[in-house]
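Colleague: Heads up: the sequence lines are chains A and B, in that order. Numbering-wise, the first sequence is residues 1 to 118 according to my numbering. Numbering-wise, the second sequence is residues 1 to 111 according to my numbering.
Just so you know, the hints here were simulated from the structure itself, not pulled from any lab data. Treat the hints with caution; some may be incorrect.
[Unchecked claim] Straight line, CA to CA, 16 Å or less: simulated EDC-like cross-link-like pairs of lysine to aspartate or glutamate:
no., chain 1, residue 1, chain 2, residue 2
1, A, Lys70, A, Asp30
2, B, Lys79, B, Glu15
3, B, Lys103, A, Asp38
4, B, Lys103, B, Glu15
5, B, Lys103, B, Glu70
6, B, Lys42, A, Asp38
Everything numeric in this text was worked out from a predicted model, so none of it was measured.
Residue strings, one per chain:
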Amino acid sequence: DGGITQSPKYLFRKEGQNVTLSCEQNLNHDAMYWYRQDPGQGLRLIYYSQIVNDFQKGDIAEGYSVSREKKESFPLTVTSAQKNPTAFYLCASISRTGALSSGANVLTFGAGSRLTVL
Amino acid sequence: EDQVTQSPEALRLQEGESSSLNCSYTVSGLRGLFWYRQDPGKGPEFLFTLYSAGEEKEKERLKATLTKKESFLHITAPKPEDSATYLCAVQGGSGYSTLTFGKGTMLLVSP
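Working from the sequences, and respecting the hints, build out all of it.
Modeller: Take a look at the structure:
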């Protein structure tokens, strides 16, 4: 079955450490996104990528970095510069072909990764 | 800047007690309004897309409606398995603009 796989599901980090969250999709989607979700907050966009080797900052990119070397993969690194990294992280993707024909995008989400800083 | 406000923040219903969730929005050129369901510790699951005022969509006990300023998610005769957080999002502008999400409504349906 096609979908988005995020790993690990749970991750613990000591202060000062960088950690990388994995996101892999086999939907042949062009665009991929990273969101952060905190209790009582909406989803906030960290980074997104429309095509391979290109990505843009979202609303809360400080302290995060990404890469898009393959269409299927969009890993997120939470660096030590991120002041409050404890959160639930969601990866999502969408087909550009679908967006062009429908006029609006429908995001498909992964199951999420929960990061806790000790 | 696009904005989405959902109300109430939390809603507790008895099984079979129908109600509605509200999503008020401001957006420059609405291209789509989206409803998602999210269970605890899981990713959001897509429910509906609404494109223009007056549009309605249904799925089992859920019905989504859209006006120029807000959307409602009506839940008819809910069951405990409908308990979840319901998220609303809008996309405006042109090109490949991103979605703006509300904070969600946490629904609890008691047997």
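Colleague: Taking the hints in turn, state whether each one holds.
Modeller: Okay, the hints, checked on the actual structure:
Distance check on the hinted pair: Lys70(A) and Asp30(A) sit about 10 Å apart at the alpha-carbon level, within 16 Å; holds. With a C-alpha separation of about 5 Å, the suggested pairing of Lys79(B) with Glu15(B) holds against the 16 Å cut-off. Of the pairs offered as hints, the one joining Lys103(B) and Asp38(A) holds, with about 10 Å between alpha carbons and a cut-off of 16 Å not exceeded. Straight-line distance between C-alpha atoms of Lys103(B) and Glu15(B) comes to about 24 Å, which puts the hinted pair past the 16 Å bound.
This hinted pair checks out: Lys103(B) and Glu70(B) have alpha carbons roughly 15 Å apart, not beyond 16 Å. Taken as a hint, the Lys42(B) and Asp38(A) pair is honoured in the structure, with Cα atoms around 13 Å apart against an allowance of 16 Å.
Going through the hint list in order, the structure does not satisfy hint 4, though it satisfies all others.
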